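Chemist: Chain residues, written in single-letter form:
4 protein chains.
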Amino acid sequence: MIIVLKNNKTESEVASFKSYLEQKYGVGIHVSVGHDSVVLGLIGDTSAVDEDSVRAQDIVQEVKRVQEPYKKANRKFHPDDTVITLANGLTIGSGSLTLIAGPCSVESEEQVIEVAEAVKSVGAAVLRGGAFKPRTSPYAFQGMGADGLALLKKARTKTGLPIISEVMSASQLELFAEVDIIQVGARNMQNFELLKELGKQSRPIMLKRGLSSTIEELLMSAEYIMASGNEQIILCERGIRTFETKTRNTLDISAIPILKRLSHLPVFIDPSHASGLPWLVEPLSMAAVAAGADGLIIEVHNNPAKALCDGAQSLTPEMFASTVKNIKKIAEAMGKK
Amino acid sequence: MIIVLKNNKTESEVASFKSYLEQKYGVGIHVSVGHDSVVLGLIGDTSAVDEDSVRAQDIVQEVKRVQEPYKKANRKFHPDDTVITLANGLTIGSGSLTLIAGPCSVESEEQVIEVAEAVKSVGAAVLRGGAFKPRTSPYAFQGMGADGLALLKKARTKTGLPIISEVMSASQLELFAEVDIIQVGARNMQNFELLKELGKQSRPIMLKRGLSSTIEELLMSAEYIMASGNEQIILCERGIRTFETKTRNTLDISAIPILKRLSHLPVFIDPSHASGLPWLVEPLSMAAVAAGADGLIIEVHNNPAKALCDGAQSLTPEMFASTVKNIKKIAEAMGKK
Amino acid sequence: MIIVLKNNKTESEVASFKSYLEQKYGVGIHVSVGHDSVVLGLIGDTSAVDEDSVRAQDIVQEVKRVQEPYKKANRKFHPDDTVITLANGLTIGSGSLTLIAGPCSVESEEQVIEVAEAVKSVGAAVLRGGAFKPRTSPYAFQGMGADGLALLKKARTKTGLPIISEVMSASQLELFAEVDIIQVGARNMQNFELLKELGKQSRPIMLKRGLSSTIEELLMSAEYIMASGNEQIILCERGIRTFETKTRNTLDISAIPILKRLSHLPVFIDPSHASGLPWLVEPLSMAAVAAGADGLIIEVHNNPAKALCDGAQSLTPEMFASTVKNIKKIAEAMGKK
Amino acid sequence: MIIVLKNNKTESEVASFKSYLEQKYGVGIHVSVGHDSVVLGLIGDTSAVDEDSVRAQDIVQEVKRVQEPYKKANRKFHPDDTVITLANGLTIGSGSLTLIAGPCSVESEEQVIEVAEAVKSVGAAVLRGGAFKPRTSPYAFQGMGADGLALLKKARTKTGLPIISEVMSASQLELFAEVDIIQVGARNMQNFELLKELGKQSRPIMLKRGLSSTIEELLMSAEYIMASGNEQIILCERGIRTFETKTRNTLDISAIPILKRLSHLPVFIDPSHASGLPWLVEPLSMAAVAAGADGLIIEVHNNPAKALCDGAQSLTPEMFASTVKNIKKIAEAMGKK
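Chains as they are written, first to last, in numbering that gives the first Met the number 0: chain A, 0 to 336; chain B, 0 to 336; chain C, 0 to 336; chain D, 0 to 336.
Which copy is meant is left open, because identical chains are indistinguishable; a pair holds if it fits in one copy or across any two.
Straight-line C-alpha distance at most 20 Å; calculated SDA-like pairs for lysine to any residue:
| no. | residue 1 | residue 2 |
| --- | --- | --- |
| 1 | 245 | 74 |
| 2 | 23 | 302 |
| 3 | 152 | 200 |
| 4 | 63 | 32 |
| 5 | 75 | 47 |
| 6 | 328 | 122 |
| 7 | 75 | 138 |
| 8 | 63 | 29 |
| 9 | 119 | 325 |
| 10 | 195 | 170 |
Note that these hints are calculated values from the structure, not bench results. Note that the structure is predicted; figures quoted are calculated from it, not measured.
Sequences and hints are given; from them, build the entire structure.
Modeler: Right under this line is the structure:
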C-alpha cells in the first residue's frame with residue numbers, strides 16, 4: 000500500500016504517523032521523500048489495513064492499495080485452477096463446461112422429476128431447484144422449504160444428477176446436509192455471518208455476485224468462506240444493477256475473464272437472472288462460453304407460464320435443448336468438453 | 000394492475016389467460032377491448048402478483064402496476080405519521096428532530112462513555128455504537144460482540160441515553176434483548192430470514208437502505224418486518240452506489256420527501272456512511288433536515304484517527320458540537336424541535 | 000399508450016382531459032371504465048407524446064408506452080436487416096463479420112500505413128483512425144485534425160481499405176467528404192444538432208452508444224439521423240458507466256441481441272473502449288461474436304506504449320493477429336464469414 | 000502523479016521507462032526504490048499525462064494522480080470565490096442566493112411575459128426560457144428557435160430581468176449575442192468543440208453536469224471553457240443517472256459542498272430536472288440552499304398541463320411563490336441574501 004502525504008507536513012508529524020501505522024497494523028514502512036511530497040510504502044501483510052480509514056487522516060493526501068486484499072482466493076498465491084469434484088465424480092473447473100439446469104422453485108414431485116429428466120437428457124450435469132426463495136415481497140410464494148429439498152433429493156435418486164439449492168440463513172444449514180452444492184444468493188453475498196458458517200461446511204459453495212457488488216467485493220466474500228476453512232467455491236456472475244431497463248440486470252460479461260485472471264476459482268454465469276427474459280438466455284449463454292466461463296446455471300420449467308415464481312425467465316425443456324445445441328457449438332470452438 | 004395484451008391474440012386465448020390469472024392470484028379482472036389492443040384491469044389484492052412473471056407470458060405486451068405492492072408501510076392505508084416511543088419517553092417521528100450519535104464501533108468503556116457524554120451534552124438523544132461489525136474483509140476488526148453490547152448498556156446507565164446497535168443475524172437477537180433500537184445494516188436489507196425474525200421483536204427497528212436498493216425495495220423490506228408483526232420501523236437512507244467516486248456513496252436526498260409521501264414511517268439520514276468524509280457530514284446533515292428528515296445518525300469518535308473501524312468518517316466531539324449548532328439553525332427554520 | 004387515471008376523478012374531468020390530449024397530440028382515444036380506475040388507450044401515432052409530461056398531469060396515475068417511440072429504426076416496420084454497401088463493394092450487416100481496426104489517433108504517415116497493412120493482412124476490412132479526438136482534458140493531445148484525415152486517405156490508397164473516422168461537430172463535416180464511414184462518438188450521441196446534419200449526409204454513420212444512454216435512447220438518436228434522411232446507420236455498443244471499477248466501462252453484451260431484435264440496423268461492438276485493457280479485447284470480442292454482433296472495431300497500434308492517446312487499450316499487430324484467429328473460430332461456429 | 004512499477008523489473012527497464020516519461024510529458028521524475036516495489040513520483044505539470052495510458056504500460060502496477068488535472072477551475076490556484084456580474088449589476092456567487100426561473104420552453108409572448116412578471120414579483124433575479132430544445136425524440140417539439148430568443152428579450156425589456164437560454168451548437172452562438180447567460184445542457188457537457196467556442200465568448204456560461212459525468216469531468220469541462228479564455232462559469236448540478244426510478248434523475252446533493260471546496264466557481268442546482276416531479280422541487284430547493292448552493296434554476300409555467308415541453312416538472316406561479324417563501328427561511332438561517 001502506498002500512502003501519499005500532504006506536502007505541508009513537518010518531519011515530526013510524518014514520524015508520528017509512521018509509528019502509529021506500524022503499531023496499529025504491524026506493517027513495515029518505507030519512507031520516500033520526494034520533491035514535493037512524502038510517500039510511505041507499507042511492507043508486509045496489509046490486508047487488515049482499512050483504506051478508507053487511512054484516507055481520512057488529516058495528514059494523508061492519497062492512498063493506493065497495490066496488493067489485492069484477498070489472499071486465499073488470489074491466483075497469485077494459488078496459480079493452478081481450483082477443480083471441484085462432486086460425490087458422483089463430476090469435476091467442475093477442469094476445462095470442461097458444466098451445465099446446471101432446473102426450475103426456479105421446486106413445486107411438486109412431478110414437476111421436478113420431469114424437468115430433471117428433460118435437462119439430463121440434453122446434457123445438464125447438475126439439477127438446480129429453489130426450496131427457500133428470497134422474494135422481494137413477503138406476500139409472494141416463499142418456496143416449499145424442507146419439502147422442496149426432499150423432492151430435489153428424490154429427483155437426484157431418480158436421475159443421478161447432483162443437486163444445488165439456495166440457503167438463506169445459517170439456521171437452515173442442517174437441512175442442506177445432503178445437498179451437493181450450496182448456493183448463496185446475490186442478496187446474501189455480504190451476509191457475513193452466513194459466509195462464516197459456510198466456511199465450516201465441507202460441501203462446495205456457489206457464491207453469486209451481489210446486484211451492486213464489485214468484482215473485488217465478490218472475491219472478498221469468497222475470502223470470508225475460505226478464511227473459515229472451505230476452499231471449494233464457485234463464483235457466479237448473475238447481472239449487476241445499472242440504469243438500463245430493457246433487461247432486469249446487466250450481465251457483466253467482462254467479469255468472466257477478470258475473475259479467471261485474479262482468482263483460481265471456477266466462474267459460472269446465470270443468464271436467466273441476468274436478463275430476466277427467456278429469449279436472451281441463448282445468446283448470453285453463448286457469449287459467456289466464448290468469454291471463458293466454466294459453466295452455466297439456467298432456469299428450465301416444464302410450464303413456465305404457470306411457474307409459481309419467476310416463470311418469466313425460464314426456458315421450456317424444448318428451448319433448453321435447442322439452446323444447449325448452440326452452446327455446444329461455441330464450447331467446441333473453444334476446445335471445451 | 001394493468002396488463003396490455005399483444006394485438007394478434009384470439010378471443011379464446013384471452014379468455015384462457017384471464018381465467019388462469021383469476022385462479023392463480025384470486026383477483027377479479029376487467030377486460031377492456033380497445034381499438035388495437037386488449038387491456039386487462041386486475042381488481043382486488045394484487046400484491047402477490049409477480050410483475051416479471053406476468054410480463055414473461057407470451058400473450059402479454061406490457062404490464063403496469065397501479066397500486067403499490069406494500070400495504071402496511073403505505074401511507075394510503077395509514078395516513079397519520081407513525082410515532083415511535085422509547086422506554087425513556089423519547090418520541091421519534093413526532094415532528095421533532097432526533098439526533099443519534101456515537102462511535103462506529105464500541106472499543107472500550109472509556110471510549111464509549113466519553114463519547115456518550117460528549118454527544119449528550121450538545122443534544123444527541125440516542126447513543127449509537129457497533130458491537131457486531133459488517134466488514135468487507137474477513138481480516139478486518141469484526142467488533143467486540145457481546146462485550147460491546149455490555150459496554151453500550153453501561154453507557155446508557157451512566158448517561159440515560161437509549162442505545163441503538165446493529166444486528167447481523169437472527170442468532171444474535173437474544174443478545175439484543177435490552178437494546179432500545181435494533182439496526183439492520185444496508186447489506187442485510189434483503190436478508191429476508193432476518194427480517195422475518197425482526198417482525199417478532201417488540202422493539203423498534205432501524206432499517207437501512209441497501210447500497211443498490213430502490214425506494215420501493217426498501218419499503219418492501221419494511222413490509223416484511225411489519226407483515227410479521229412489528230410495525231415500529233425507522234427507515235434510514237445512507238447513500239446509494241453510483242458511478243461517482245468523490246464520495247463513498249451518493250446520498251439520495253430525494254428519498255426523504257418521497258418516503259415521507261409514500262409511507263407513514265419516520266425517515267432518518269446517515270450522513271457519515273453516505274459520504275465517508277467527515278467534512279461532508281455537516282452540509283449533508285443540514286440538507287437532510289431542510290428536506291424533511293425526522294432524524295440523523297452520525298458517527299462521533301473521541302479519537303477518529305485511532306478508531307478501530309471507519310474512523311475515516313467520524314467527527315470529533317468538537318466537530319459534532321459545531322455541526323449540531325448549524326443543524327439547529329435549519330431545524331428552527333423548519334419549525335422543528 | 001395507456002394512461003391510467005386516478006380513481007377519484009369526475010366524468011367531466013375525464014372528458015376534459017381526453018379532449019385536451021386529442022387536440023394536443025392529434026390522437027384517437029379509447030376510454031375504458033374499470034372497477035376502480037379509468038384507462039385511456041391512445042390510438043394512432045403517439046411518437047410525439049411526451050410520457051413525462053402526461054405523467055405530470057394531476058389527473059394521471061400512471062402512463063405506459065405500448066409502442067416504441069422510434070419508427071424508421073424499428074424492425075416492426077422494416078423486418079429485413081439493413082445491409083450497408085461501401086464504395087469498394089464491402090457489405091456490412093449481411094451475415095458476415097466485419098472487422099474494423101486501426102490506431103486510436105493518427106500520428107504519422109508511417110504509423111497509419113504500417114498499422115493499416117498489418118491489420119489488413121490478417122483480415123480487417125476497414126481502417127479506423129482518429130483525426131479529431133474528444134479528450135476529457137483540454138491539455139491532452141487533440142488529434143492531427145485535417146492532416147490526420149489526409150493521412151488516412153493515403154493509407155486507403157495504399158491498402159485499399161475503406162476508412163472510418165470520428166466527427167466532432169457539424170462544421171467539420173466538409174473535411175469528411177471522402178471518409179467512407181463517419182463515426183459519432185459516445186459523448187456526442189445526443190448532440191442533436193450534429194445528428195440532424197448527419198441525416199443530410201449520404202455516407203454511412205457509425206453511432207456509438209453514450210456512456211449512460213439507454214438502448215432506447217440510442218435508437219432514438221439513430222431515429223434523429225434517419226428522420227433527417229440518412230438510413231445507413233451502424234449501431235455500436237462501447238461499454239456503459241456502472242459502479243464497477245476494474246474496467247473503464249461495462250460492456251453491455253445483452254445490447255447486441257436486444258438491438259438486433261428491436262431494430263434492423265447492423266450492430267458492432269468496440270471491445271477496446273469497453274474495457275480499456277488490451278488483454279480483455281480478445282475475450283470480449285469472442286463473446287460479442289457469439290452474441291450475434293455484425294462487426295467489431297478494435298484499436299491497434301504499432302507501438303501502444305508510445306501512442307499519443309489511449310495507448311492503454313491498443314493491441315499490437317501481433318496481438319491483433321492472434322485475437323483474429325480466435326475470433327474466427329467463434330465466427331465459424333456461428334456460421335459467419 | 001505516483002506510478003508504482005511491477006516488482007520484477009530490471010534497473011534498465013526502469014531507467015528506460017523513466018526517460019520515456021520525461022521525454023513524452025516533459026516532467027521531472029523522482030525514483031524511490033522500496034522494499035519490493037519501485038515508485039516514480041512525477042514532478043511538474045502532469046495535467047497532460049494520460050493516466051489510463053500510463054496504466055496500460057506493461058511495466059506499471061498502479062498509477063495514482065495526486066494533483067487535480069484542472070488548474071483554472073481549481074480553488075488551490077484561485078482561493079477566492081469567483082463572482083459573476085451581469086449587465087444590470089446583479090452579482091452571482093457573492094454570498095447571496097440567486098433565483099432563476101421561467102418556462103422550460105418559450106411558447107408565446109403572453110406566456111413568457113406573464114411568467115417573467117410572476118417570478119420577478121416573488122424574487123427571481125434572472126429569467127430562464129428555452130428557445131432551442133434538446134429532445135430525445137426527433138418528433139417532439141424542438142423549440143421556437145430565434146423567435147424564442149426574441150420573445151425572451153422582449154420579456155427582459157418589459158421586466159428588467161436578465162435572461163438565460165440554452166445553446167445547442169456553435170453555429171447558434173451568433174443568435175445568443177444579447178443573451179445574458181448562455182447555458183450548456185447536460186447532453187452537451189462534453190461537446191468539446193462547443194466548449195472551445197464558448198471559451199471565446201465574453202458572456203457568463205452556465206455549465207450543466209452530464210447525466211453520468213463525474214464531478215471531476217464537470218470541472219474538466221469548465222476547464223475547457225476557461226482554457227479558451229472565458230472564466231465566468233456557473234456550475235450546475237441537475238441530477239445524475241442511477242438505478243432508482245422514482246425520480247427522473249438522482250440529485251447529487253453532495254456535489255454542492257464538494258464543488259465549492261474543489262473550485263471557486265458558483266454552484267447552482269436545478270431541482271426541476273433533477274426530480275422531474277413538481278412536488279419535489281420545494282424540498283430539493285430547500286436542501287440545496289442548506290447544503291450551500293449559490294443559486295437555483297427552477298421551471299415555472301403559467302399552465303404546466305398545457306406546456307409544449309416537460310410541463311411535467313414545472314411549478315405554477317402560485318407554487319413557485321410558496322416555494323420561494325420556504326426557500327427564504329432556509330436562506331436566512333444560512334445567513335444568505
